[in-house]
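Trainee: Chains A and B are the protein sequences, given in the same order.
Each residue of the first sequence is one higher than the last, beginning at 681 in this note's numbering.
Each residue of the second sequence is one higher than the last, beginning at 25 in this note's numbering.
Misleading hints may appear alongside valid ones.
What the hints assert, rightly or not - Not everything, but these chain B residues come out facing chain A in the computed CB check (under 8 Å):
{"#": "1", "residue": "Gln-29"}
{"#": "2", "residue": "Gln-31"}
{"#": "3", "residue": "Gln-34"}
Claimed, not checked - Just a sample of chain B residues kept apart from chain A, beta carbon distances all over 10 Å, derived:
{"#": "4", "residue": "Asp-56"}
{"#": "5", "residue": "Glu-74"}
{"#": "6", "residue": "Asn-75"}
{"#": "7", "residue": "Arg-79"}
{"#": "8", "residue": "Arg-155"}
{"#": "9", "residue": "Leu-185"}
{"#": "10", "residue": "Asp-187"}
{"#": "11", "residue": "Thr-212"}
{"#": "12", "residue": "Glu-215"}
{"#": "13", "residue": "Gly-239"}
{"#": "14", "residue": "Lys-243"}
{"#": "15", "residue": "Asn-247"}
{"#": "16", "residue": "Leu-248"}
{"#": "17", "residue": "Arg-261"}
{"#": "18", "residue": "Thr-265"}
To be verified - Straight-line C-alpha distance at most 20 Å; calculated DMTMM-like pairs for lysine to aspartate or glutamate:
{"#": "19", "chain 1": "A", "residue 1": "Lys-842", "chain 2": "B", "residue 2": "Glu-74"}
{"#": "20", "chain 1": "A", "residue 1": "Lys-859", "chain 2": "B", "residue 2": "Glu-36"}
{"#": "21", "chain 1": "A", "residue 1": "Lys-742", "chain 2": "B", "residue 2": "Glu-141"}
{"#": "22", "chain 1": "A", "residue 1": "Lys-771", "chain 2": "B", "residue 2": "Glu-74"}
{"#": "23", "chain 1": "B", "residue 1": "Lys-37", "chain 2": "B", "residue 2": "Asp-56"}
{"#": "24", "chain 1": "B", "residue 1": "Lys-37", "chain 2": "B", "residue 2": "Asp-52"}
{"#": "25", "chain 1": "B", "residue 1": "Lys-37", "chain 2": "A", "residue 2": "Glu-851"}
{"#": "26", "chain 1": "A", "residue 1": "Lys-883", "chain 2": "B", "residue 2": "Glu-134"}
{"#": "27", "chain 1": "A", "residue 1": "Lys-828", "chain 2": "B", "residue 2": "Glu-80"}
{"#": "28", "chain 1": "A", "residue 1": "Lys-853", "chain 2": "A", "residue 2": "Glu-752"}
{"#": "29", "chain 1": "A", "residue 1": "Lys-886", "chain 2": "B", "residue 2": "Asp-64"}
{"#": "30", "chain 1": "A", "residue 1": "Lys-886", "chain 2": "B", "residue 2": "Glu-36"}
{"#": "31", "chain 1": "A", "residue 1": "Lys-883", "chain 2": "B", "residue 2": "Glu-61"}
{"#": "32", "chain 1": "A", "residue 1": "Lys-747", "chain 2": "B", "residue 2": "Glu-134"}
{"#": "33", "chain 1": "A", "residue 1": "Lys-883", "chain 2": "B", "residue 2": "Glu-28"}
{"#": "34", "chain 1": "B", "residue 1": "Lys-250", "chain 2": "B", "residue 2": "Asp-236"}
{"#": "35", "chain 1": "A", "residue 1": "Lys-748", "chain 2": "A", "residue 2": "Asp-818"}
{"#": "36", "chain 1": "A", "residue 1": "Lys-774", "chain 2": "B", "residue 2": "Asp-174"}
{"#": "37", "chain 1": "A", "residue 1": "Lys-892", "chain 2": "B", "residue 2": "Asp-131"}
{"#": "38", "chain 1": "A", "residue 1": "Lys-873", "chain 2": "B", "residue 2": "Asp-131"}
{"#": "39", "chain 1": "B", "residue 1": "Lys-241", "chain 2": "B", "residue 2": "Asp-253"}
{"#": "40", "chain 1": "A", "residue 1": "Lys-892", "chain 2": "B", "residue 2": "Asp-56"}
Please keep in mind that the hints were generated in silico from the structure rather than gathered at the bench.
Quick reminder that beta carbons are idealized off the backbone N, C-alpha and C, glycines included.
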Amino acid sequence: MIFWIGPIFGELFYSIDYITVSSKAFNNLTDQEILIRLRSHDRAQQNEAFEAIYLEVYPRVKNFILKKNGTEALSLDLFQDAIIVFFNQVKSGKFQEASTISTYLHGIVHNLWRVHLRNEKKMPRAELSPYEMDLVQDEDRAHVDLGKVMTRLLNELGDGCKQLIQLYYYERKTMQEIKDHFALGSEQTAKNKKYRCMQQLIKLFKSSNITKESILSPEK
Amino acid sequence: MSEEQDQFEQIEKYLQNQEEGDAAFREDIARDKALKEEVDIQHSVMTGVENAAIREEIMNIHQRHHRQKDFVANDRYPVWTYAVAAGLALLVLAFFGYQQYFGQAVDHQELYSEYFEPYPDAISLRGDQSREVAQAMSLYASGSYQEAIDYFETTAEGTVLSDDVQFYWSLCDMSIGENKSAIQRLSTLQERAESRFLPQITWYLALAYLGDGNGSKCKDYLNLIKEEDFRYQEAQRLLSTI
Chain A
681 MIFWIGPIFG ELFYSIDYIT VSSKAFNNLT DQEILIRLRS HDRAQQNEAF
731 EAIYLEVYPR VKNFILKKNG TEALSLDLFQ DAIIVFFNQV KSGKFQEAST
781 ISTYLHGIVH NLWRVHLRNE KKMPRAELSP YEMDLVQDED RAHVDLGKVM
831 TRLLNELGDG CKQLIQLYYY ERKTMQEIKD HFALGSEQTA KNKKYRCMQQ
881 LIKLFKSSNI TKESILSPEK
Chain B
25 MSEEQDQFEQ IEKYLQNQEE GDAAFREDIA RDKALKEEVD IQHSVMTGVE
75 NAAIREEIMN IHQRHHRQKD FVANDRYPVW TYAVAAGLAL LVLAFFGYQQ
125 YFGQAVDHQE LYSEYFEPYP DAISLRGDQS REVAQAMSLY ASGSYQEAID
175 YFETTAEGTV LSDDVQFYWS LCDMSIGENK SAIQRLSTLQ ERAESRFLPQ
225 ITWYLALAYL GDGNGSKCKD YLNLIKEEDF RYQEAQRLLS TI
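Construct the complete structure from the given sequences, taking the supplied hints into account.
Mentor: Structure (structure tokens):
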């Protein structure tokens with residue numbers, strides 16, 4: 681009995697930890713607080729907001745997709761896409777706070793799911809209503825495409841370059857911090873390394889199957 | 025630094041400080057098509073890197089909340105965990121016993137998913153609905169619940185919706201997991217008792233409470249469903265499970 685109780689204990693402790701973490705993120709962050717965190721330039725705060733959204737919205741997204749005969753992997757993929765769309769709309773000020781974040785994200789997922797069906801030719805005649813069209817614009821779709829393509833390309837690039845690029849462009853670390861992180865001789869060496877990694881990535885990007893519509897102009 | 029690297033750094037600086045703006049460089053971009061293409065590519069790559077990192081962050085959050093599986097898969101535990109386990113076995117049993125009798129022994133969301141299905145459209149055929157309600161019902165029938173809600177909301181701003189229509193509005197709320205709104209509306213409809221869907225309302229109200237995690241209220245409404253009523257068998261089955 682002891683041999684199977686050990687793992688159960690692990691589960692129990694984990695469950696308690698899970699419930700504490702979930703309720704903390706869920707209960708402590710209102711929609712307004714989530715938006716403040718997303719609009720901040722602090723990655724830790726933004727990640728806290730992502731987690732609160734995940735805990736509140738993802739279970740419903742999963743239920744919705746499973747009910748529609750989709751898979752759990754598809755539900756997570758669509759949820760990731762929806763977060764990217766939502767995050768960019770919040771940053772660009774396009775998100776109107778007329779509905780709750782939960783309802784709004786569900787609408788985005790619904791839109792992305794229908795487009796997925798259409799692309800998979802499972803619902804060839806599926807047309808989007810004006811409301812759905814409004815919810816996810818071409819620019820949002822470009823963001824989604826870029827996220828997916830770049831996930832693949834960064835992995836092709838190798839761990840070292842991937843880590844350096846993410847530290848600089850996502851974590852917003854300084855060249856000094858990057859120099860220390862990789863134990864490089866000088867900031868200039870770090871800068872040169874970053875340039876070489878980016879050149880490789882840009883080359884991969886140009887030769888990838890990315891469509892013209894997914895190329896974003898900074899003026900857009 | 026090579027000329028190419030110099031240009032790369034200049035584009036990057038421009039993209040990172042766009043709000044302050046570099047008027048001269050902006051003019052160069054407007055004049056030089058090749059330069060504009062490079063700027064767009066570099067901007068897209070930087071945006072893509074951020075979006076890929078967000079995808080990764082969501083995946084990390086997802087995995088963190090699903091690490092239970094890995095824990096079970098790992099069968100090498102230090103000896104002390106077994107000792108602690110043995111010592112506290114009674115506590116575990118007490119915990120599960122408590123859960124069985126007083127706690128939420130079953131997953132309400134799972135039961136909700138199993139039992140909830142939207143009621144068929146029984147009002148469109150009557151043909152006495154407004155154009156907006158007809159549009160909302162058509163969206164309802166196609167499973168576009170969020171959009172149907174949008175129409176219901178817009179219509180409700182200009183007119184009073186009948187209880188029957190409000191019943192379908194509640195079902196839309198339930199379909200997207202907005203059970204609190206559904207409870208509020210369905211409770212009002214039940215108290216008013218003017219809808220011809222009254223028996224259905226009791227069943228869906230019970231389910232809305234279930235979806236909201238309130239097993240006790242759910243049971244109260246299930247117990248109101250009589251043998252000749254809508255979904256009596258399911259109500260009994262559900263009562264024995266909760």
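Trainee: Provide an ascending list of the numbers of those earlier hints which the structure does not satisfy.
Mentor: 2, 3, 5, 6, 7, 26, 28, 34, 35, 37 and 38
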